[in-house]
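Visitor: Can you build the whole structure from these sequences, using the hints too?
Number of protein chains: 6
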Amino acid sequence: MKLLLINPNSSPLMTEGIAEAARRVAAPGTEIVATQPSFGPASIEGHYDDVFGAAGVLEQLRLAALPAPDAVVIACFGDPGLDAAREATAAPVLGTAEAAFHVASMLATGFSVVTTMTRTCVIAEHLVMKYGFERRCRGIHGTDIPVLALETPDEAVVARVEAAAREALARDRSGAIVLGCAGMAGLCGTLQQRLGVPVIDGVAAAVKLAEGLVGLGLRTSKLGDYAEPLPKLYRGWAGPLGW
Amino acid sequence: MKLLLINPNSSPLMTEGIAEAARRVAAPGTEIVATQPSFGPASIEGHYDDVFGAAGVLEQLRLAALPAPDAVVIACFGDPGLDAAREATAAPVLGTAEAAFHVASMLATGFSVVTTMTRTCVIAEHLVMKYGFERRCRGIHGTDIPVLALETPDEAVVARVEAAAREALARDRSGAIVLGCAGMAGLCGTLQQRLGVPVIDGVAAAVKLAEGLVGLGLRTSKLGDYAEPLPKLYRGWAGPLGW
Amino acid sequence: MKLLLINPNSSPLMTEGIAEAARRVAAPGTEIVATQPSFGPASIEGHYDDVFGAAGVLEQLRLAALPAPDAVVIACFGDPGLDAAREATAAPVLGTAEAAFHVASMLATGFSVVTTMTRTCVIAEHLVMKYGFERRCRGIHGTDIPVLALETPDEAVVARVEAAAREALARDRSGAIVLGCAGMAGLCGTLQQRLGVPVIDGVAAAVKLAEGLVGLGLRTSKLGDYAEPLPKLYRGWAGPLGW
Amino acid sequence: MKLLLINPNSSPLMTEGIAEAARRVAAPGTEIVATQPSFGPASIEGHYDDVFGAAGVLEQLRLAALPAPDAVVIACFGDPGLDAAREATAAPVLGTAEAAFHVASMLATGFSVVTTMTRTCVIAEHLVMKYGFERRCRGIHGTDIPVLALETPDEAVVARVEAAAREALARDRSGAIVLGCAGMAGLCGTLQQRLGVPVIDGVAAAVKLAEGLVGLGLRTSKLGDYAEPLPKLYRGWAGPLGW
Amino acid sequence: MKLLLINPNSSPLMTEGIAEAARRVAAPGTEIVATQPSFGPASIEGHYDDVFGAAGVLEQLRLAALPAPDAVVIACFGDPGLDAAREATAAPVLGTAEAAFHVASMLATGFSVVTTMTRTCVIAEHLVMKYGFERRCRGIHGTDIPVLALETPDEAVVARVEAAAREALARDRSGAIVLGCAGMAGLCGTLQQRLGVPVIDGVAAAVKLAEGLVGLGLRTSKLGDYAEPLPKLYRGWAGPLGW
Amino acid sequence: MKLLLINPNSSPLMTEGIAEAARRVAAPGTEIVATQPSFGPASIEGHYDDVFGAAGVLEQLRLAALPAPDAVVIACFGDPGLDAAREATAAPVLGTAEAAFHVASMLATGFSVVTTMTRTCVIAEHLVMKYGFERRCRGIHGTDIPVLALETPDEAVVARVEAAAREALARDRSGAIVLGCAGMAGLCGTLQQRLGVPVIDGVAAAVKLAEGLVGLGLRTSKLGDYAEPLPKLYRGWAGPLGW
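Chains as they are written, first to last, in numbering that gives the first Met the number 0: chain A, 0 to 242; chain B, 0 to 242; chain C, 0 to 242; chain D, 0 to 242; chain E, 0 to 242; chain F, 0 to 242.
No wet-lab data here; the hints were simulated from the structure. Certain hints may be false.
No copy labels: a pair is met if it fits in one copy or bridges any two.
Claimed, not checked - Here are the simulated DSS-like cross-link-like pairs (lysine-lysine), alpha carbons at most 30 Å apart as the crow flies:
#1 K221 / K231
#2 K129 / K221
#3 K129 / K231
#4 K1 / K129
#5 K221 / K1
Source: prediction; values computed, not measured.
Guide: What follows is the structure, given as structure tokens:
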């Protein structure tokens, strides 16, 4: 199967890192095709960036090379453009936060999210509520570690995330940790070993869930809410993206 | 005060119609400056269109002529880009659905939404939940009237919306009707007269709420969740929109 | 327009203070007519006082001088008699807590309430739930400052409220403060300046929302739940208040 | 034990009927002392009436003859003045709707309310939400039978309530019926026999729950929210009711 | 009336202790018949034990000596087998946690649970949610006191529970304490005296609620969800327990 | 990997049917080891049966042949014993309803459940609420088709399930169907083809989710709520199952 992995920010370097993480967990028959938008923010750290990331996801999905992907993963914890992408394709589409929340709730009665910027906690909160994990997600915690520091994390960074996770487990009475940033994927194994609880990276989770849906022969529902976009005029730079 | 009214779709004709509706309810000192994005869909009828509408709202807000607006209204029932717009300005920003829900809940213990495409009901449902009106909003009803038919509605169209509203009032045990599409503004007066209950057009509601917030000297909070976007590189056509 | 401002407690001095605050934000054409019940508690600090305040609100609404008011504001944070008042008039009726919650939720993703007596927090909690602001309201905090101390607040009182607000903003991760007592209106400007976030006085908010509703030509729904009270015998002192 | 049964409306005849129903289920050692306010509406059929009923409950509780009651029951389905009454006494206080909901939820996974005026359904809805029975209460149904018709119900009235109950059981998939009006107590036995499911009269339920609480030696908490009212000036006719 | 009190664990000694506590509050005409399963765990401290406790409850209910009980109480805070027991008999069945939550919510606007093992808090949380007490229950606190230490509690144990309760009352802003373990019944009186708030033992509460339901002539609904089990083959040791 | 598939009822024939369905979707490297308890009901059609099914699941898990399974699936829509099984093993454990709900919510904004006995709808409702799918699950519908009729379904049975599914899709405005009974697995393909929407069989979904979790190297959290059962005496037939 061909899995289209879309990094919603415009940094090719980050795309490569995420693609590697995805390939590490992918099944033998899964081809990971990774890409990023031709426009928009170099990283996504708030609602403003998120809007452009969503438009970028749709650009890449609309313009994706043939053959059409068998599944799509949106590799950013805010799940930008997820509902829209499900209109734009019948292939299963998975979001990063969505996948992480689903997986965590199969392993523990409660989980905590440890993320980067505190100001993005509200985005995670909205997703938790939208997906129905209000009772499973017992806390969302910002560490205010700069995203760049995550690219080549030294022990100080690892220790800081580990400390935040330990405090979250104790204070929230949680049994698992969800990493709230695609850039944290590299810390997943180390943290799981040190903490002794499941530590979930959403991109990896999304890849495996996507494989599972394809294995079940299931595709996005085209009845009603996720039906194909209605054909209409798109103006300006977005002209080629209209339906 | 200067009120920037952004129509998230790219149709100048619809912008003009909405601006007129806004001017009809605006206070004497309120200047309505209406605009629409340079790109994107001619109308918004699903999640896919909505994403481009959100990016268009931010384009117009970012590139707005000086002096800066005192308040901003996003004139589309899906409230595209609302959270992001609140990051991008300290002026109060009101969404159409948001404003309509707030106003309806001050006039009746329960209200019903009557909208156009059934497939957009799920967008209204998400907003109802996000804003906390699950108990006040007792039903969301699609009429599947084409948006174009609303531009110059004949009696058949009015009668169809009226019938849907009557059924909603009875079945939902509601006391007020929210019109779920900015294009329905022209029907508001007629419907209110025929139905004998409050009928709320969200754009008009947003204009008056915006005037009220400005009158109270209140502006969007810049502490935490709605702080200014972080400065960073924006690539491609979005280059000038980065912070 | 004529706005009837009802102070539910029986203290004329407090009525005057609240009326002044209302007049400060009222639009030029808005006439504020302020009043208080002929009976009941000198202040409202619990459920017991609240019941008499509610009856007093209805007395003043029922016996109000002609012409009938265009809008009504109930100037007490517990919103006593709000639903009943909406039965008793077709003019829009706004409560103080209700107005503050609506306004705060347009300015921040989360707000905190700072109030006087800790024992009244549960009343605010019930209103938060009834109106649907459970997710927007992130905390309700009592300061146990005596209401009398608020009438002519010295710096010590201001500092105490400010400290409570600062702690609430940090602990609740909130972006705005709602003042949980009509008597705190005088502190609003000072606190907003010191805290650098929106600080909302519910009476002022209610006045502007009422003006907005009147400007939209909207009145309380008389279909169903808020229909006029049914005519019937009222006994004893309440005889003249029956319908 | 002495159980003070307060009928919140001002009709002595209705007080007597309710007292009889209470005495039928009371344990041998329970003395039922029934009373009604000296003022207010002859029946309670909306929020407006409810406010005066609440004040009347407090009057009777405040002025109750010695010895102090061991328990208090508020005999009206809207539970007027319940929280305030709990401030005003340390004896357990039970509301009619509250008691009915608690009892019904011990007998069936879901119950339906059948009441008189459709316009009072919203009051029952608020109580359901306040007490936490949103999931147990699967429907609230008005029959619009005049309350007077319930005083000496003929077979036509019984048949109408029975039909409404049957439809509720089927449509709501419920297993029990709560009678939503103290005046329906007389129909309880007949309906239970005909319907073959538990039919709950709230006044009877409240009496037995009150006996149970007294038997457990439990009294209303005086810590915090239900602490005694604070002493203060009460003006006008309410002067003697101040604390 | 004959009240069948089933201790879901297999310890006859604990059955006796619970039966004594039940008899202390039972009305003169109530005969307490106490029993425990012929199999399963000596105590219930997690989901695994809970499953066997549930099966044991059904064994005792199915094999109970004639005459059939008038009411049934399941004497363990996890309410094992409650729904199943309601299928298996038309007599009212009360759970321990269920009864305690109902009673506490009639005495205070909020209550806290103080229990033994922290790992069982999640079971209490599930019950709180299932029964609808999310807003009334403001906190669940484990003390990690060994259950055995509760059988003959010395002052150190009492002091530890008291300290946990005091902290819960303050931190949760609660007005009542629910003891989260049937084995804590003996501490109830002492704690209530020391804390000055209602302290609720669920077994005692269940006995009084059961007496109340019997006094009202109410039985478990046999319409729909709690209908008798369908007759079918039961294999193995459970053969005699099939319907 | 070795996947232990436990059929909670005691019918070996049904075990075989479910195992076949599981093997059809299993990945090449997945060995399905299917089993059923040595005791209990021949089918699970209510809370009473469910309790014995839960105990049976634990028996099979406790006594499972070595090597220990890499993952466990409980093949019954009521998910009997799920939390307990997660205490009893560190391997991932998936429930049938749980898996179906997770998968459906990745494919549609809303889904409907079509099940067999109407009386089991309440069990599905409890699971929907426990797992947090209240907003995604828009309806649960009983068909009252006898389970035996599902073993070798003729066209009449298929047509009946199809009709129920069509009505659910329309009335609930859903986009996907969840089959609410493990015995319906055989209809999955036919129904999906006829209805044109995703039709989800929970056992197949659970197998793929389990493979995904194993592929991610994730195991059930042993911190806190799902820690191993505490060692203690188990009496009677359950003696060998104690920890």
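Visitor: A separate judgement is required for each hint: does it hold in the structure or not?
Guide: Right, here's what the structure says about each hint:
For a Cα distance limit of 30 Å, the shortest separation of K221 from K231 inside one copy, 19 Å, qualifies, whereas the shortest one across copies, 38 Å, does not. With identical chains, the CA atoms of K129 and K221 are at most 30 Å apart both within one copy (20 Å) and between copies (25 Å). In this assembly of identical chains, K129 and K231 lie within 30 Å of each other by CA distance both inside one copy and across copies; the values are 29 Å within and 29 Å between. Proximity of K1 and K129 under a CA criterion of 30 Å is satisfied intra-copy only: 29 Å inside one chain copy versus 35 Å between copies.
With identical chains, the CA atoms of K221 and K1 are at most 30 Å apart within one copy only, with a shortest distance of 21 Å there and 35 Å across copies.
Checked against the numbered hints above, the structure breaks none of them.
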